[in-house]
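Participant: Read off the chains here:
2 protein chains.
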Amino acid sequence: MKKVLAFDIGGTKIAYAIIDENGNFVNDVVKVTTPKTAEGIYDFFKTVVKGLEAEVDGVSIATAGAVNNENTKIISHVGNLPEGYNQLDFMALTDKPVLLENDANSAAWAEYKSGAAKGSKHAVVLTLGTGVGSGIIVDGKLLKGKSGAAGEMHVRFDDRHNRKCTCGLWDCLETYVSGTALTADAKLYMGQDMTSYDVIRGLKNGDEKAKEAFDHWQSHLENTLVLMGNIFDPEIIVLSGSMAQFVEYDKLNRQANDDILTQPFTLKQAKFENNAGMLGAALLLFDRLK
Amino acid sequence: MKKVLAFDIGGTKIAYAIIDENGNFVNDVVKVTTPKTAEGIYDFFKTVVKGLEAEVDGVSIATAGAVNNENTKIISHVGNLPEGYNQLDFMALTDKPVLLENDANSAAWAEYKSGAAKGSKHAVVLTLGTGVGSGIIVDGKLLKGKSGAAGEMHVRFDDRHNRKCTCGLWDCLETYVSGTALTADAKLYMGQDMTSYDVIRGLKNGDEKAKEAFDHWQSHLENTLVLMGNIFDPEIIVLSGSMAQFVEYDKLNRQANDDILTQPFTLKQAKFENNAGMLGAALLLFDRLK
Numbered sequence: 001m002k003k004v005l006a007f008d009i010g011g012t013k014i015a016y017a018i019i020d021e022n023g024n025f026v027n028d029v030v031k032v033t034t035p036k037t038a039e040g041i042y043d044f045f046k047t048v049v050k051g052l053e054a055e056v057d058g059v060s061i062a063t064a065g066a067v068n069n070e071n072t073k074i075i076s077h078v079g080n081l082p083e084g085y086n087q088l089d090f091m092a093l094t095d096k097p098v099l100l101e102n103d104a105n106s107a108a109w110a111e112y113k114s115g116a117a118k119g120s121k122h123a124v125v126l127t128l129g130t131g132v133g134s135g136i137i138v139d140g141k142l143l144k145g146k147s148g149a150a151g152e153m154h155v156r157f158d159d160r161h162n163r164k165c166t167c168g169l170w171d172c173l174e175t176y177v178s179g180t181a182l183t184a185d186a187k188l189y190m191g192q193d194m195t196s197y198d199v200i201r202g203l204k205n206g207d208e209k210a211k212e213a214f215d216h217w218q219s220h221l222e223n224t225l226v227l228m229g230n231i232f233d234p235e236i237i238v239l240s241g242s243m244a245q246f247v248e249y250d251k252l253n254r255q256a257n258d259d260i261l262t263q264p265f266t267l268k269q270a271k272f273e274n275n276a277g278m279l280g281a282a283l284l285l286f287d288r289l290k
Numbered sequence: 001m002k003k004v005l006a007f008d009i010g011g012t013k014i015a016y017a018i019i020d021e022n023g024n025f026v027n028d029v030v031k032v033t034t035p036k037t038a039e040g041i042y043d044f045f046k047t048v049v050k051g052l053e054a055e056v057d058g059v060s061i062a063t064a065g066a067v068n069n070e071n072t073k074i075i076s077h078v079g080n081l082p083e084g085y086n087q088l089d090f091m092a093l094t095d096k097p098v099l100l101e102n103d104a105n106s107a108a109w110a111e112y113k114s115g116a117a118k119g120s121k122h123a124v125v126l127t128l129g130t131g132v133g134s135g136i137i138v139d140g141k142l143l144k145g146k147s148g149a150a151g152e153m154h155v156r157f158d159d160r161h162n163r164k165c166t167c168g169l170w171d172c173l174e175t176y177v178s179g180t181a182l183t184a185d186a187k188l189y190m191g192q193d194m195t196s197y198d199v200i201r202g203l204k205n206g207d208e209k210a211k212e213a214f215d216h217w218q219s220h221l222e223n224t225l226v227l228m229g230n231i232f233d234p235e236i237i238v239l240s241g242s243m244a245q246f247v248e249y250d251k252l253n254r255q256a257n258d259d260i261l262t263q264p265f266t267l268k269q270a271k272f273e274n275n276a277g278m279l280g281a282a283l284l285l286f287d288r289l290k
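Chains as they are written, first to last, in the working numbering: chain W, 1 to 290; chain V, 1 to 290.
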């Protein structure tokens, strides 16, 4: 049976594991703190690849940043990784096939191939974490666009210059629907020293202000579902990331489907959590190895 | 050479012509006022088809409303056409092949196959008229979604309940970027009895208030370009419809490309105007007839 050495690299952690053709993790996932320099990251990759390449048929890497359509290099600036990271030569790590893919796209592919969106050839997977990422499946393929950068969820939801976005613009969807956004709502409705954690705790204790903050956050999530439902007419929208666990699925499913002009979709929580990126990029590589 | 009898049906006019395989109009386009009932519309179609079917290899119909993936029927409510229109049996009009497609999708296909977006396998065509329509080309294919209804541009741009949208929601993109939206901006900046025509006239005469109204309208068009650029990473965005002629292309191209996170796209005005829908649906049918 074919196997792949699968990495997932983010701003804080690098994770890796060996995954087989059936999508099973052969060993426990190893996690290390992301080195502080691009050279440090590359050295770490080289060490692990050298140690394990004899056991596998290729190397897959789920990464922050946009990846080109050939899955060979990063084509965007990557804010939360060190300077120079986006110019690393990942293809030179080994003589075996190497595949690179954006982490949100990889997670979406995992959900489509064997998770919550399995069997749905038109699917949207939104990752609600510190920011908001998306992976979109159109007719059984990842939506990549001309260069590979498609699926950036930076859409202006307002024109009042209320909330500054990490992309440099104001009032993007991300500033209303991410975990960071819930902290902004906590400050708005509960007080300056409050965070998203206070909202979640307050919700459990029946705090009215916490409910207002959460409802404001969730109403923008509904806007996001209406947006993606209207533009893509998907069979399913899947929510993943740290914020996905707090969403009122039944209520939001009903409201968003009432508001779209297209045909109804299903709203579900992701099946895979932290390992979705690793699994998805590995599954993409298995498709190439066939 | 193969020929198609091509119709385009909207709320005010039905147009038809015979189009050949090279996309040439064999005769002048005939235009009639849309009959007031669904039966009247169907009778008109029957009469024209009966009169011309011997000369053609099939019938194409570009229509308001969402059309299913088989291109055989309308699957949505169609606001600006008579009750019962969306249940008409277009396939029964003749024994020859009949193809139905949404008008914005048809126009996009015409621009992709032989217009402003020719050769761009990733393209977005926005129709800025009374409302806002879109046709999206992903990797050389029309984006249709699970049911055929994809590409609805109803995205909430604000949460203040400023402008009611025809879709029943508030503050959709359409209420900020359409011709109707420019009239709303005319009232906001120039006075209650002003319309989009006053804005356009005022612009020509150097009227400051008209410029403010237009700039407000155009800033939301820029938001729309950023949205579509970020989500689809297209090679080109094409603007068509009655409002497309007023846009400052160079300025907007520069601004929107400064603001996206994906790779630069080109902004262009559509090549085909009124006949784009007829041509596009005919070209889709020619692909089927091959």
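Since the hints were made in silico from the structure, they are not lab data.
Watch out, some of these pointers could steer you wrong.
Heads up, the list lumps identical chains together, so a pair's fine if it works in one copy or across two of them.
Only pairs whose alpha carbons sit at most 30 Å apart, straight line, appear in this in silico DSS-like list of lysine-lysine [stated by the list, open to error]: (1) K271 with K113; (2) K164 with K209; (3) K164 with K3; (4) K121 with K290; (5) K121 with K141; (6) K113 with K141; (7) K118 with K204; (8) K290 with K204; (9) K73 with K211.
Participant: Each hint needs a verdict: does it hold in this structure or not?
Facilitator: Each hint tested on the structure:
1. With identical chains, the CA atoms of K271 and K113 are at most 30 Å apart within one copy only, with a shortest distance of 11 Å there and 41 Å across copies.
2. Proximity of K164 and K209 under a CA criterion of 30 Å is satisfied in both settings, with 24 Å inside one chain copy and 29 Å between copies.
3. In the homo-oligomer, the alpha carbons of K164 and K3 never lie at most 30 Å apart, since the shortest distance is 43 Å inside one protomer and 55 Å across protomers.
4. In this assembly of identical chains, K121 and K290 lie within 30 Å of each other by CA distance both inside one copy and across copies; the values are 21 Å within and 27 Å between.
5. Taking the shortest alpha-carbon separations for K121 and K141, both the intra-copy value of 8 Å and the inter-copy value of 15 Å come in at or below 30 Å.
6. In this assembly of identical chains, the alpha carbons of K113 and K141 lie at most 30 Å apart whether taken from the same copy (11 Å) or from different copies (22 Å).
7. Neither within a single protomer nor between protomers do K118 and K204 lie at most 30 Å apart by alpha-carbon distance, with minima of 32 Å and 56 Å respectively.
8. Taking the shortest alpha-carbon separations for K290 and K204, neither the intra-copy value of 49 Å nor the inter-copy value of 62 Å comes in at or below 30 Å.
9. For the identical chains of this complex, K73 and K211 are neighbours neither inside a copy (44 Å) nor across copies (44 Å), given an alpha-carbon limit of 30 Å.
Checked against the numbered hints given earlier, the structure breaks hints 3, 7, 8 and 9 and satisfies all the rest.
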